[in-house]
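K.L.:
Note that the protein sequences, when read in sequence, are chains A and B. Heads up, the first sequence is in the numbering used here, so the first residue is 128 and it goes up one at a time. Heads up, the second sequence is in the numbering used here, so the first residue is 1386 and it goes up one at a time.
In case anyone wonders, no lab produced these hints; they're calculated from the structure. Mixed in with the good hints there might be a few duds.
[Said to hold, decoys possible] In silico lysine to aspartate or glutamate, DMTMM-like type, Cα no more than 20 Å apart, as pairs: (1) K185/A x E1428/B; (2) K1622/B x E1402/B; (3) K1741/B x E1773/B; (4) K196/A x D173/A; (5) K1741/B x E1752/B; (6) K185/A x D173/A; (7) K185/A x E1427/B; (8) K1741/B x D1761/B; (9) K196/A x E210/A; (10) K1622/B x E1428/B; (11) K196/A x E1428/B; (12) K1741/B x E1760/B; (13) K196/A x E1752/B; (14) K1741/B x D1765/B; (15) K196/A x E1555/B.
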Amino acid sequence: MSESRTVVVIHPAAADQAELVEAVPRPPRLDGAVVGLVDNARTNSDRFMRVVGGLLEKAGVGSVVSRRKPNPSIPLPDDAFDELLTRCDIVVHGVAD
Amino acid sequence: MTIVTEAFQEAARLRAEVLGMPHHAMILVPHPMASRPAEQVEEVARAAFPRILAALRGPAPLPVARAGPALAGGLRASRVELSTDLDNLQDAFETRGWSDGLPVVPPTEARVARLLEAVGLAPSTVLGVMPPRNGTVTAEKFAANAVMAGATPLHAPLALAAVRAGLREEFNPGGIGVTTGGGAPLVIVNGPEAERAGVNGGTACFGSGYRANAAIGRTLRLVMRNLGGGIPGAMKKSTQAFPAEYSFCTAEAEALSPWEPLHVELGFHREQSTVTVAGVRSFHQVTDHTSERGEQILETIAGSMRAWGAVSYYYQGRGGQVLVGLCPEHALAIATAGYTKEAVKRFLFERARLPKRELVGRGNYGERTWPHWIEDASDDALIPIVGEPRHVIVIVAGGSGRHSSWLPLWSATRLTTVLVAA
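Turn these sequences into a full structure, and let the hints steer you where they fit.
P.N.:
So this is what it looks like as structure tokens:
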């Protein structure tokens, strides 16, 4: 019967596993912390992040650094990314349509 | 920390995992966001804020333990034993998520070895990493997918060049494989290799009927799926997509073209062979059986390109491109009327325009990347479909008849050309 016969094939799909990345510790307190906000350039993403930024400032964060991706399907440019890394204690971004 | 709408939760989770952060903090909000009235967007943001604040204040989530090396088994692919029963065999590929829905040819050791021999590559040769899944594309993985796509050793050099082009950053494979707007790579083969491998650029050039076209186009798509993770319901979020995703490949009908072929225009020699990939959004056919003069045909094509909802109009600041596939009869009439290829590009740039008022407040207006002159222009100003004439790409392809086409490229991709290894 054919059921008992087998064929060996080359695994065609990805077997990669990313190395785990540990998140940096949260700032000990939000008072005075610098929070980065990245909107993904989709319609309304800037509006959403503006509200979040305003509420963060009311909640006592030190400052908010806002950046916008050049296009929803293009990553943030390296210089903007580096700036957020340097200046911010924590960064919030969005994935949405 | 990531704020994500419900519809994108799974895609975001998978992407976080690929980046080594399966523990990443995410705040879920209702979908959609882009089409929601402004005051509702603000309401959703306010409602989500306590959870955002709590996540910012809370401890950072810790990575969970994971067993196994980064690339299990190193650069050599593992072997999988499957039933040879024909019905079960296809089921086995489907179950593992390795098929685009059509039957595949089993990538046996012998078949894969023959393709590797045809391209002269060792199995563990790394061609690149295919985003967004970030699978390592080794020559062996390429060959396995090429076999599955139906490629023979004859097709292998062109299929390999298509994958090499598809891995290039300017093609943006991580975006085009999964974008909501959908997009498929059109593979264009130029030079003598097209004929040698049997790639059709004549009758039904964009359609079905030729194994070389089917296998070469499908190889790239299967690599984007199996190594790039472009799988619907997972990372792939294309709202509708289009059937060219199964396979989309043509040769240019160089012998029938009145102009230099694409690869010569791009600086290659005519006797060299190239593979170009264009990440296209859709296919618009333009019939003109009536116009006698070349200029009238160009007017018909430009008229077809004056299309509402075509995203190209909104993305000129990012160098968005449009591909025009002229059938040989149209091309000949246009050339007879005195048009060089450059003049065709200029004509379409000048005539494929919409009044600004027809673009404002609809389409992709909310995400436009317009230069200042358009932002400042009056409502009556005519806005071109691309930012510059050179962003109109012209090829000649097809059989007898008077049907041409235009294909808008996706906003975040660029035409990418690779020389086929001799």
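K.L.:
For every hint, state whether the structure bears it out.
P.N.:
Okay, the hints, checked on the actual structure:
1. K185/A x E1428/B: Holds, because 17 Å separates the two Cα atoms, which is no more than 20 Å.
2. K1622/B x E1402/B: holds (17 Å)
3. K1741/B x E1773/B: The hint holds at about 17 Å.
4. K196/A x D173/A: This hinted pair holds, its Cα atoms lying about 10 Å apart.
5. K1741/B x E1752/B: holds (15 Å)
6. K185/A x D173/A: holds (18 Å)
7. K185/A x E1427/B: Distance of about 16 Å is within 20 Å: holds.
8. K1741/B x D1761/B: holds (11 Å)
9. K196/A x E210/A: Status holds; Cα separation ~14 Å.
10. K1622/B x E1428/B: violated (26 Å)
11. K196/A x E1428/B: violated (23 Å)
12. K1741/B x E1760/B: Holds, because 9 Å separates the two Cα atoms, which is no more than 20 Å.
13. K196/A x E1752/B: This hinted pair holds, its Cα atoms lying about 11 Å apart.
14. K1741/B x D1765/B: Roughly 6 Å between the alpha carbons, so the hint for K1741/B and D1765/B holds.
15. K196/A x E1555/B: Cα-Cα ~17 Å, so holds.
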